[in-house]
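Enquirer: Chain by chain, the residues run as shown.
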Amino acid sequence: MELMTPPLIVKQPKPIEKETADCHKPHIEVENLNLYIQNNHILKNINMAIPDKSITCIIGPSGCGKTTLLRTFNRLHDDSVDVKITGKLFVDCEDIYAKDTEVTHIRKKMGLLAQRPCSLPMSIIDNVVYGPRIHGVRGKRKLYEIARHQLHAVGLWDEVKDRLKSPASKLSIGQQQRLCLARGLAVEPEIILGDEATSALDPISSKTIEELFLSLKDKYTIVLVTHTLRQAKRIADYVAFMYLGELIEFGTADQVFNHPKHKLTKEYISGGFS
Amino acid sequence: MKRLEEKIFKILMIGSTMLILSVLLYILFVIMKKGLPSLSWEMISQIPSGGFYLGKEGGILNAIMGSLYLIFFSVLISLMISVPVVMYLNFTLRRKSRLAAFARLTFDVLFGIPSIVYGAFGFTVMIFFGLQTSLLGGIIAISLLIIPVMIRSIDEVAILIPSELIEATKSLGATNYETIKVITRQLLPGISTAVLLSVGRGIGDAATVLFTAGYTDSIPTSLTQPAASLPLAIFFQLSSPVEEVQNRAYAAALILTIIILTLSFAARYFSRRLSKNKI
Amino acid sequence: MLKGRLLKDKIARHYMLFATVVSIFVLFLIGGGLLYKSLPIMEEKSLWTLLTTSNWRPFKGDFGFASYILSTLFVTGIAIVIALPLSLLTSIYIIEYASPRILRAFSSVVDLLSGIPPVIYGVWGTLTIVPFISEKLAPHFVEFSTGYSVLAGGIVLAIMIIPLIISILMEVFGAVPKEMREASMSLGATKWQTVKKVVVRKSIPGIVAATVLAISRAFGETIAVLMVCGNFTDLPKSIFDACYPIPALIANNYGEMMSVPQYESALMFAAFLLFFIIVVFNVISRLVLIQIDKRYQL
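Protein sequence lines correspond, in order, to chains A, B and C. Note that our numbering has the first sequence beginning at 8, numbered continuously upward. Note that our numbering has the second sequence beginning at 15, numbered continuously upward. Note that our numbering has the third sequence beginning at 1273, numbered continuously upward.
By construction, these hints were calculated from the structure, which means they are not laboratory data. Cβ atoms here follow ideal geometry from the backbone N, Cα and C, with glycine treated the same way. Treat the hints loosely; a few may be bogus.
So the derived label-pair ranges between C-beta atoms look like this [what the hints assert, rightly or not]:
{"id": "1", "chain 1": "C", "residue 1": "1533", "chain 2": "A", "residue 2": "89", "range": "52 to 62 Å"}
{"id": "2", "chain 1": "A", "residue 1": "221", "chain 2": "C", "residue 2": "1297", "range": "27 to 37 Å"}
{"id": "3", "chain 1": "A", "residue 1": "235", "chain 2": "C", "residue 2": "1275", "range": "41 to 51 Å"}
{"id": "4", "chain 1": "A", "residue 1": "41", "chain 2": "C", "residue 2": "1282", "range": "24 to 34 Å"}
{"id": "5", "chain 1": "B", "residue 1": "177", "chain 2": "C", "residue 2": "1533", "range": "33 to 43 Å"}
{"id": "6", "chain 1": "C", "residue 1": "1377", "chain 2": "A", "residue 2": "89", "range": "43 to 53 Å"}
Derived pair list, reagent style BS3-like, types lysine-lysine, alpha-carbon separation capped at 30 Å [to be verified]:
{"id": "7", "chain 1": "A", "residue 1": "149", "chain 2": "C", "residue 2": "1275"}
{"id": "8", "chain 1": "A", "residue 1": "149", "chain 2": "A", "residue 2": "226"}
{"id": "9", "chain 1": "A", "residue 1": "147", "chain 2": "B", "residue 2": "195"}
{"id": "10", "chain 1": "C", "residue 1": "1474", "chain 2": "B", "residue 2": "21"}
{"id": "11", "chain 1": "B", "residue 1": "110", "chain 2": "C", "residue 2": "1280"}
{"id": "12", "chain 1": "A", "residue 1": "224", "chain 2": "A", "residue 2": "240"}
Using the sequences plus the hints, can you model the full thing?
Expert: So this is what it looks like as structure tokens:
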């Protein structure tokens, strides 16, 4: 699995185990997805298709199930006893909730950027190359190049190049969030998931992250949960509006923001409720 | 009226604090006063000659080495059990798992079981396998005693690991085992504290080794030979009619106390220092 | 590559499961093993006879545990009666009233001393408490006491478990949120009222848990008690008489027990008794704690 070719040219990585060669489905496709926590019906019959190489923002009032939906994409609910999921979720045409689907390679396809940055308890450079390392990349130089490249990509290189060996926890929150992004990119994902990834950051850091998303979207499929409408307006290509566990409307940013079909959507984007 | 009650209780509280503090310090004082005069190089570098109960010559090297052997191997065995157990309960089983709840209850109960019961049980196990009192028997009994101590103490820290850290690692495509390796780093301060705690508990306990490790004048050279230990050195030699032998008991008591205090200091130092590098 | 990683993961999973199951199983193994070993004596004598008679003549086949059981209960009872109020008062003072500097100093002392092994307390007890009782205290009450007595056992145990109780209680009281105290004070309650009605009330589950742990520890303590309580098989008539708790019985007689067949069984029965009482006590107190927790959450 010699994936790590020279830096600075990020290839569109190939999925490791492509189920069908002629896959024409959208990158992520959700079919009749239902999710229950204990007996509460949290996600109600979600159907959506997230297109390749674009930014999709999931918006909606808090408690509507945005984050829960995002976490179904890389099966982070696996560890909770009381969560039941029915329906199908295809990533590259592979049903990730099928019985025999192996979870680590699904997760490898997706980088997750959590609400608060969570650096692993190791040095800056080790954080970035953690993913490649566990996926089998060896060699000091190679790993260093990966780190350099990814830190460049998130604009962190110049800030940290002199202290790559110091603990990641010493960085500021904004820097840590970018480090987490670099760490996610280093496993060469196809998809980036962001769970209110800028909400804990100061305005300048969140602007940096937003710009990063915009620059990354021609290579990656990006799905963001966001609480701020303005952010969605600034960066989204597609918008999904959720309300009380249901997907109310899904469309291009232009269509959802300027010509919403549904009354609830209209109210929400005009600030009628939050 | 209100004020009076508060005043009375305040006096009682200050009184009991002073009492407790002075008694505890008095214990240290007595142990030092009795032990210091008998503590010499000869005491810690020689084994007793002429029998530990009556022989006037020699020291307690047999007990020191015996205790070190016993505790070293017990801690090693306990670590090999405790760390995987804690990892399994916290990071492999799903949250709110019934098995985890049951396991924690079991370890709490095991923690409360008196050391003499572990000793008696270890003894029956030894008889079952046809073993004599031996270093191995002592190691088994002490391991049984400290495994619950260790599990509970590591578990206490493991529970605090934020689930974000686990998710961050897993969403990079790490397997459960690889995630656990990352978490282990984070847990190192907790594990070292647990080890120090268990060493303290294991090295000072007399009732577990009484039946299982036995007592001897010499230093064991194999797992099947009996091994002396510091607590038993104190216990047996204190009841001797010979003054020199009693002095060996006092010296052993002082050494044991010093070991325990050093461990406590180290544990405090560790948990303070290492927690700085935590996230 | 992925296969190798998944295999490692699988092996690790199995090993962890194995370790967990084995360590849980230890509890049942101990219970089962000791019970099995004590079957011979239980077949010969009824449980009732074993527990309620106090004749102990191993070589004639008399095995009555009553005096040992009573001794254990007396010693544990005295220890708790002394230790609990002192620990409560002290930890309340340290957490609520004392300055942060005293708090820090005191908690270091308690931390350091809670690790001191029982045998050290035993040595200290024989050197100080025993002569004190025999020379100063007992003459006021009884004609003669060697000092090796129920009271000596109780005091030594009490001092041994005090650091243990205090270190738990300090944590428990410290965990009561500051806002709760402030809320009470801002309603016009005095410091003491706040302590009594808010801090202590809120901490009841913790206090119960600390007491349970202390009782378990005192109940099964061997060496420290063995060294100061005289080890004399008879029903103690006063707290200045010698007594003989179960753990001491086991510890003292393991050497000769192999020579008489029932003797071994009787001692293993004693060990099983300790085991059984501790397990039942812990499980019950756990259930009680869950109930208390539920009530306090509302």
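Enquirer: Next step is simple, just say for each hint if it's right about the structure.
Expert: Right, here's what the structure says about each hint:
1. C/1533 x A/89: 52 to 62 Å: 55 Å, holds
2. A/221 x C/1297: 27 to 37 Å: 58 Å, violated
3. A/235 x C/1275: 41 to 51 Å: With Cβ atoms ~44 Å apart, the hint holds.
4. A/41 x C/1282: 24 to 34 Å: Holds, at about 31 Å.
5. B/177 x C/1533: 33 to 43 Å: 57 Å, violated
6. C/1377 x A/89: 43 to 53 Å: Check passed, 47 Å falls within 43 to 53 Å.
7. A/149 x C/1275: 23 Å, holds
8. A/149 x A/226: Roughly 22 Å between the alpha carbons, so the hint for residue 149 of chain A and residue 226 of chain A holds.
9. A/147 x B/195: Holds: residue 147 of chain A and residue 195 of chain B sit about 20 Å apart, inside 30 Å.
10. C/1474 x B/21: It holds: about 23 Å lies between the C-alpha atoms, which stays within 30 Å.
11. B/110 x C/1280: 26 Å, holds
12. A/224 x A/240: 15 Å, holds
In this structure, the earlier hints numbered 2, 5 are contradicted, and the remaining ones agree with it.
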